[in-house]
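Residues 38 to 563, numbered by our numbering, are exactly what the sequence shown covers, in order.
Mixed in with the good hints, there may be bad ones.
Calculated cross-link-like contacts (lysine-lysine; reagent style PhoX-like; alpha-carbon spacing at most 20 Å) [claimed, not checked]:
id, residue 1, residue 2
1, K159, K208
2, K169, K159
3, K147, K484
4, K499, K561
5, K194, K159
6, K519, K501
7, K484, K144
8, K495, K399
9, K147, K399
10, K461, K484
11, K130, K159
12, K297, K130
Derived from the structure by calculation, the hints contain no laboratory data.
No experiment lies behind these values; they were computed from the predicted model shown.
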Amino acid sequence: MKKRFFKVYIILIFAFLLFLFYYIYLPVINIHSSDLWIFIISLLFLSAGAYKIIKFKTANHNIIKAILFFAITLLIIYLIGYILSSPIVNAKKYQSLINIQNSDFKKDIKQISYDEIPILDKETAINLGSRKMGSMVDMVSQFEVNNLYTQINYNAKPTRVTPLDYGNIFKWVTNRKNGIPAYMTIDMATQETELIKLDNGIKYSFSEPLNRNVNRYLRFNYPTYMFDKISFEIDDNGTPYWICPVKTYSIGLFGGPVIKKVILLNSITGELTEYNIEDVPMWVDSVYSADLLISYYNYYGMLKNGYFNSILGQKGCLKTTEGYNYIALNDDVYVYTGVTSVGGDRSNVGFVLMNQRTGESKYYTISGAQETSAMASAEGQVQHLGYKATFPLLLNISNQPTYFIALKDEAGLVKKYAMVNIEKYQIVAIGDTISECENNYIDLLSKSNIEINKNKTKQNIKGKITYIKELVIDGNSHIFIKIDNNKKYFGIPVKNNLNILNYQLNDNIYLEYEEQENYNIITKIN
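Can you make the complete structure from the sequences, with help from the hints?
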């Protein structure tokens, strides 16, 4: 009787551990999943051990041998499948995972206004989000900011968005009924940080420990789907969603990851909507992760002449440089990274832009400095201040491919800006504002006899000041005015022209300006 009870007890413990393992580990039921193979093989080995323990001396060794034989056979099949799915025997297939179009920089990368330039990197966004959260006394004791910070285009502005998390398990117990009450947005151009409060809280998140955890909720609803990197976005109405790309493998059992479908999970209601990749809504920006796109290009660049050439001779091999950034084009977000030859030199042969929504990729043949070299050049201009450079952003300045770099102090605050010419990286301009930096950069281009194309035409206006206000932006005083015969604001950094301080409301003014989207930039006061 005791022996039978012990056997039942062992079986129940084993079943519970098996359930717990599945509940926590969440293996996908898909033959292309390495996790499933490892799960089954491990389960077979554990079953053989459990059977031997339960049966003691009466154990049938033939059954144990059969289980172990099956487990070892699956392990061998798994290893063979892994090898046959690798680039060693499928170099051409891996090299064809991405379709690269050669394109023209001046045609594709248009000059943009200052209010469209994302001057913040993720690290700075995290700092701003933490400071904003610290000021929210009604929430900071219960919630904390998730460091996800997905970069999206929201209302045609470069924006980072991230959810809040429960502070800990006890705070989850207290707040789970109403959910997480807000998410954070940061305008990457103006540094404006907002905590967006929701009428109905976020119920589905990664900080949920049980069934409303995003990974667990997806697994129970889609047991056969494999998911790539999941991102947090908001639609045009500000509704928060989890963007869940569905991944499959196109080369053998485990090779050549491709995105075929996308699941949109409404983080408030839990509603799930499935789309084919070509039908994904336009507001979605992050389907292909940056890491996946960069791996595609590295396969493309390294495997042109076969796998063994990529290891040995490396003839004609190209790879992406270390680091990447994001560029907003045509209401989509593109991953930008430089391309260099495999040989240890510190120069780029070009760069590639890869669309995170569609996977469309374009290559631009522009040789010049690597991003890290440009960062070092910018830091060298302010070494006495100890500022550190962010990873460059690619811009078109006067039809010149240009690295735009924000320079931060020890506290992570942006203090200055730099522009470095990609093809002639000894041309480095520094400014306290983006406008000042660009003007200095254009002057350096002219002095270097580089033909420039100033698309921004300067205009003149005369009228009475109907509005005047001083604002501090990035630590610098700016004056904004309105003139009676124009509806837009006109702005100028005070240090660019101290004469602006002499003007008051109802004074007449005659000025020169460059037209921008949000406000016109004063370039001269006549």
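Verification of the hints:
Note on K159 and K208: the hinted pairing is violated, with a Cα-Cα distance of about 27 Å set against a maximum of 20 Å. Note on K169 and K159: the hinted pairing holds, with a Cα-Cα distance of about 15 Å set against a maximum of 20 Å. Straight-line distance between C-alpha atoms of K147 and K484 comes to about 24 Å, which puts the hinted pair past the 20 Å bound. Proximity of K499 to K561 is assessed by CA-CA distance (about 12 Å); at most 20 Å being required, the pair is judged to hold.
This hinted pair checks out: K194 and K159 have alpha carbons roughly 16 Å apart, not beyond 20 Å. A C-alpha spacing of about 8 Å is found between K519 and K501, which places the hinted pair at or below 20 Å, so the restraint holds. Taking the CA atoms of K484 and K144, the gap is about 25 Å. The hint is violated against a cut of 20 Å. Between K495 and K399 the CA atoms are separated by roughly 33 Å; this puts the pair beyond 20 Å, and the hint is violated.
Note on K147 and K399: the hinted pairing holds, with a Cα-Cα distance of about 15 Å set against a maximum of 20 Å. A threshold of 20 Å between alpha carbons decides the hint, and for K461 with K484 the separation of about 13 Å falls inside it, so the pair holds. Straight-line distance between C-alpha atoms of K130 and K159 comes to about 34 Å, which puts the hinted pair past the 20 Å bound. Distance restraint check for K297 and K130: the Cα-Cα separation of roughly 17 Å lies within the 20 Å cut-off, and the hinted pair is therefore satisfied.
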